[in-house]
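Asker: Given next are the chains, with one letter for each unit.
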Amino acid sequence: MTKIIETKDVRLFYGKKEALHGISLDFNKNELTALIGPSGCGKSTFLRCLNRMNDLVPGVSIQGDFKLHDKDIYSSKMKSDDLRKQVGMVFQQPNPFPFSVYDNVAYGLKLKGIKDKKEIDQIVEDSLKKAAVWDEVKDNLHKNALSFSGGQQQRICIARVLAVKPDVILLDEPTSALDPISSNQVENTLLKLKKEFTIIMVTHNMHQAARISDKTAFMLDGDLIEYNKTKKMFLSPDQQMTSDYLNGKFG
Amino acid sequence: MSEIKNKLLKPSKATKQDRFGRRISVLCIGLIVILVASIIFFIATKGMATFISNHVNPIKFLTGTDWSPSQKMTGALPMIVTSFGVTLLAALIATPFAIAIAIYMTEIANKKGSKFLQPIIELLVGIPSVVYGFVGLTVVVPAVRTLFGGTGFGILAGSIVLFVMVLPTITTLTIDSLNAVPSHYRKASLALGATRWQTIYKVILRAALPGIMTAIVFGMARAFGEALAVQMVIGNSALMPTSLVSPTSTLTSQLTTEVGNTIMGTLPNNALWSLALILLLMSLFFNLVVKYIAKRGQLK
Ligand SMILES: Nc1ncnc2c1ncn2[C@@H]1O[C@H](COP(=O)(O)OP(=O)(O)O)[C@@H](O)[C@H]1O
Ligand SMILES: [Mg+2]
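Residue numbers (our numbering), protein chains in the order written: chain Y, 5 to 255; chain U, 8 to 307.
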């Protein structure tokens, strides 16, 4: 297994408050890793470090090592816009732009400077197909993305990220704003995508983690408690605390 | 038992208050509707008198270029052209500035920067138009005269004065519409690898476009209706403008200039009412445009 992202001793402060207390996590290529843990334990905070979205939060300071393909994510040579083209992100609330489906998915391509109409058409179609939403939008590519259902919007947002062809896709509770059927569709989409992409997903739905992830990291109050193969984690966790959490004793 | 029944059947205090409040607001709305309707009716009948009692051909009124109602010449085209000229030119100059300031205030400046600019913009809104006109007369007109020749009076001077007057209107409304763009669009764009500038011009400005268009139309409505300041720098001769620096008149400035010198019921007076009618129709038109933009913005 090749490691694609490596992090070591990650500490993060919101002002004076320490939200992550030294977390070390490595992520394998073409695997789906789930981050679980109770609300407020720092899952989103950690995820946002990986594409430097925390840089947008005023008063944040970050310590530790972050490497993508052995290159320092936080070095001055790494431009955050280049990094984010390699490490895409899908948010909890579906957040398509108020433009057409086509313009949404083509957005990243235009950022990359791709101008050829045929090439853009092709990538838009491919991305929507990979995100398993093509059949539902193909007749309405020029309709406003906001006029689709929440689940469709979320898959359009996934397609929008896929179009940029990132190596890693971060997802922050991508299904928690969706109904069960839409959630299911998004889960199936992710399962297919992990053949091509490395996926890191925050979820507070343990069953979702069990269903679709290869590895699971359990966090609690800014600490990493256990990081293991998902099967192992759910059947016989190493830590008592993990077992308690998975059995619903707290959280 | 019957006591309870009575109590239940009678309207409660809250219901009574509710009814009372509703009656008062219906009454007020009714009054305003009547007021607006009678203003429109009044101006319409007065404005139509030129065509009905004085038998002026409406087409000739709108396309004629000679204006001297006391000699039965009622071509209003020069004023119409000038009104549109100053309005469009002012909006054209003001819009880029307004958008630049609004982007600076909402996307770039820190709290201090926008705290500093905000009161300046508000101050600009509050300055009475006669002051703008006076400054225009003593600064802008001579400047135009030295730079571009002519007397200095005319569309250019009018547009410059109006530019300063509509700038705060367009700016504040543009700021509002930029602020109304949800922050998750910014995040989504940045997360896709856009730079801050790309995010601003590819997402934020585009999402705010209906709001910005509305801002421009409001600015144009204000420019179109402004009388006093324009009157002081436009030259006040009802002549077809031959250049941006030839003295001319707008609909509004012609109205304020002549209104004291005409006798009710005569053609010169009626012709002014017809100018007023054009102004009214134009402001209705501006309103419709704003409504239309808002509706399309919602659909999109
Ligand atoms: N922008 C912020 N400013 C200050 N504190 C924050 C901010 N975002 C998150 N936190 C705090 O950091 C901790 C971790 O939050 P978060 O990463 O959102 O948790 P999770 O995603 O696991 O629910 C929480 O205590 C939260 O209150
Ligand atoms: Mg979270």
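These are computed hints drawn from the structure, not numbers from a lab. Don't take each hint at face value.
As the list claims (entries may be wrong) - Below 25 Å or equal to it, Euclidean Cα-Cα: the simulated SDA-like pairs (lysine to any residue) are:
| id | chain 1 | residue 1 | chain 2 | residue 2 |
| --- | --- | --- | --- | --- |
| 1 | U | 209 | Y | 216 |
| 2 | Y | 89 | U | 208 |
| 3 | U | 298 | U | 217 |
Asker: Does residue 89 of chain Y pair with residue 208 of chain U here, judged by a C-alpha cut-off of 25 Å?
Answerer: holds, 19 Å
Asker: Is residue 209 of chain U within 25 Å of residue 216 of chain Y, Cα to Cα?
Answerer: Violated, because 36 Å separates the two Cα atoms, which is more than 25 Å.
Asker: Does the structure keep residue 298 of chain U and residue 217 of chain U at a Cα separation of 25 Å or less?
Answerer: holds, 10 Å
Going through the hint list in order, the structure does not satisfy hint 1, though it satisfies all others.
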